[in-house]
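Trainee: Take a look at the letters that make up each chain.
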Amino acid sequence: MDFPIFQADFFGNRLLIALIAIVHVIINHSFAVGMMPLLAFMEWWAHRTGREDWDRLLYRILAVAFIVTTSVGALTGVGIWFSTSVVNPAAIGSLLRVFYWAWFSEWVVFVCEVVLILAYFLTWKRMTGVRKTAHIRIGMALGLMSWLTMAIITAVLGFMMNPGSWPQQQDLLAGFLNPAYIPQLLFRTSAAMMMAGSLALALCTAFTAKGTELRTEAVKAFAGWTLFWTLPLCIWALVYFQAIPTEMMVNVPVAFATQAGIGSYNLLLQLTLAVGLIGVGFSLWGLLKPARAHSLVWIVPFVCVSLLVSQFERTRQFIRKPYVLAYYMYSNGVRPHESAYLVKTGLLANSAWVSNRTISAENRIQAGREVFLLACSRCHTLNSANSVTANLSRMYPHQTWNPEAIDTYIRNINGARSYMPPFPGTAAERAALAAYLAKLQTTSDRIPSNASIGRN
Amino acid sequence: MDEIVPKDVLLPLPAPFWLLVALLLVSFALHILFVNLMVGSSLLVLWTEIKGLKKKDWDRVSHTIAATITVNKSLAVVLGVAPLLTISVLYTAQFYASSTLLGTAWLLVIPLVILAFLFTYAHKYSWEALHKSKGVHLTLIVLACALFLSIPFIFLTNINLMLYPEHWRRVTSFWDALWLPNVLPRYFHFVTASVALTGLFFVYYFRRKADDLDIGGLKTNEVTRVCYGVAFAATAAQVLFGLLLFLTLPAHVISVRLIGTLTPVLALVPIALWLLWREVKAEEPGRGLRPVVAVLIVVVSLMVWARHEIRETAVSPHRALVAAKTAQYQAQVAAAQDYLLMPGGLGGVPASAGSLIFTRRCASCHSFDRRLVGPALNEALASYRSNPQGLMAWITKPGRKRADYPVMPPQEMPKDELQQLIEYVLKNEG
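Chains A and B are the protein sequences, given in the same order. Count the first sequence with our numbering and you get residues 23 to 478, in order. Count the second sequence with our numbering and you get residues 3 to 432, in order.
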């Protein structure tokens, strides 16, 4: 209502954010949060046992982690802010005001983390001999800082799903210590450790020759580390699952399988389980028979766990619907608190960036299009990802789309599909939206990325 | 032309205004310092590496400079997080409006910076491997420099556009916003500042590390003199771009206070230039670095403050309008709470519990007498007239009966509600 509309009409706004966020999570968990403690621990072990070949291997793995985290990792983190602020400024703007000090503290920790990773990587070859112990300590401090940044961000993520008593108290601590916080944090910690193990397993093949003793040892060690964290991961996943509010649990099937694939929900669950078992199976192979296998074999666990984490993040993002900030703001940026007022006075009348404020017979379709932009376009595209036209075709197969039927559907949309927010406008706006949607069956429309520019 | 007045985010600021401003200015100064070093060093690396094609020792100097970019660019990014966070909170209505208007261009910052960093890494770590194919090696840093010189256009366009709500209506693309007055002078002011700062940084760096660095036959004095020369030329160019920047400012942001802040700058810059020139000509350049840095710290602080004054003068009328509109809206929303949002918009018609449930849960897709998403109930319920248990089973776990209809999603509700619903639909069908 209060910001210009940006629309990724091919990709879908949700996919845009999801892709950036998922790349960031995979890099953050596997290259940083889990990797740094793993490397520091192994460095300590190699130092104690005098294994210089291991020391060189660890340095090379760190080099990859360093380059990836300080480029793609750091920038996709900032990218989440860029993309969310362009897609849903009202939501991220609210979240920043609630969590300003959490994010500010995270920034301080983040600066320490970057300084430490620079120190850890750039002094690896210089801090040797008596200074090695100090170097290992840098690695441990780095591991702690990486974990702390995640610990702070996880509070924000948990809040978006279950704000605890924040809606009543509106203070930071109440939001921070939301019910899903501890389980999610422990779940993510285990996941990060496991991901780092599988990543180190994949990377060590690039820096060791097949058949060498070092390769065998490395495969065995990293596969063992990966397996070690599987059990805590499963336990905390279950505890976390219990902490999801019951009314969001009904969204799990759609979140998991998408609405189009809902019929294959069980198949997808089995597939997910299979991916997990393949990952565990290949890790077991590494632990028990580390010597005989093609290098590509050791990449499998990392691929599996990355797939699982991506699917987890997708699902987590979806189940909080119809909210973007649980119980505080719907996905379209409207707050439940405002709904009554908007139903009475209208979405268009209360929006800054529209050209049609009242609806007449002449501007009906144009006004309907603007209602679509305001109320629907944060999640739906016209013709591509999660498109309204595909949904309408599925709902009204082999028939003419009837504006009145669509209108009736939208009037109760939250009852019919609990993950959809209620329509936040007047009856006339709803009718205009229905007319616009029905017209899409015969007339194709396109929404430019700068959707509200020049038309206000 | 009337400007667009949105409402603010409906939550209070997380800290007093002055504290947020202080955090913004300090963290931004730190951020831009390292951004300057990152951009300036990349340009200096390119220049000295080209110089090194003829005189081998300059290649070593170039390599030395390149080694520092890794640190500077990582700090540049991480230090940018706090000012981004703070400006988003302090200037939500303006900053998010301009960010969203730029949309794709603003998002492009992310992949472009990633690419620039990867080129920088590739260049740094392939120095030995590519020492025989200098063309390829130079291409890497040329690409990095091209990106580092392009990305600031996006940032400057955004933070310039946010200041002028009166332009929002007619900005239809990034290019429109780029050509608004003031963006280009700000850009060149930024680039020359980067070069000047980098020159000074390497005067310090080469003197400090003189014993550790391998720059072949070159003398430290020679290198620091060149760095000083670069800093002097860039500072002189900044005077020009600074004046241009000032002259292209919209009249309404120029205040007496702003002129008060900038007057000492006018007095200090010639002093800085004179000190720099003395150093370029000195027998052992670098000894007089401290006074130069001291004067420039004062100048930069004044500029940071001037920048803030411009922003405040530009934004505060709009902010007041936004605040008034937000307050009015909140009052109206509070007053409207008595108008309950009835699911299904029943409009006050008295209704039974069963009909309420029907309206909320079923009416989107089902009508009694015609097809909506699902079939007309008069027809569909025919087989359930004497089988309420079967209907109950179907509602909680529907299957597929009709090929040309979508599958009905399972409906979960308390048992007594389900009972009331079934009573209602079986009574009313027919």
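Be aware that one or more of the hints could be misleading.
Below are the EDC-like pairs computed for lysine to aspartate or glutamate, each with C-alpha atoms no more than 20 Å apart in a straight line [claimed, not checked]:
| no. | chain 1 | residue 1 | chain 2 | residue 2 |
| --- | --- | --- | --- | --- |
| 1 | B | 417 | B | 406 |
| 2 | A | 343 | A | 269 |
| 3 | B | 58 | B | 214 |
| 4 | A | 147 | B | 224 |
| 5 | A | 147 | B | 130 |
| 6 | A | 147 | B | 414 |
| 7 | A | 147 | A | 77 |
| 8 | B | 58 | B | 130 |
| 9 | B | 57 | B | 130 |
| 10 | A | 343 | B | 414 |
| 11 | B | 126 | B | 224 |
| 12 | B | 399 | A | 74 |
| 13 | A | 147 | A | 235 |
| 14 | A | 154 | A | 75 |
| 15 | B | 417 | A | 269 |
| 16 | B | 56 | B | 130 |
| 17 | B | 211 | B | 59 |
| 18 | B | 283 | B | 214 |
Hints listed in this document are in silico derivations from the structure and should not be mistaken for laboratory results.
Trainee: Evaluate each hint against the coordinates.
Mentor: Verification of the supplied hints:
| no. | hint | verdict |
| --- | --- | --- |
| 1 | B:417 <-> B:406 | 30 Å, violated |
| 2 | A:343 <-> A:269 | 10 Å, holds |
| 3 | B:58 <-> B:214 | 19 Å, holds |
| 4 | A:147 <-> B:224 | 31 Å, violated |
| 5 | A:147 <-> B:130 | 18 Å, holds |
| 6 | A:147 <-> B:414 | 62 Å, violated |
| 7 | A:147 <-> A:77 | 10 Å, holds |
| 8 | B:58 <-> B:130 | 14 Å, holds |
| 9 | B:57 <-> B:130 | 17 Å, holds |
| 10 | A:343 <-> B:414 | 17 Å, holds |
| 11 | B:126 <-> B:224 | 24 Å, violated |
| 12 | B:399 <-> A:74 | 63 Å, violated |
| 13 | A:147 <-> A:235 | 23 Å, violated |
| 14 | A:154 <-> A:75 | 15 Å, holds |
| 15 | B:417 <-> A:269 | 17 Å, holds |
| 16 | B:56 <-> B:130 | 17 Å, holds |
| 17 | B:211 <-> B:59 | 16 Å, holds |
| 18 | B:283 <-> B:214 | 26 Å, violated |
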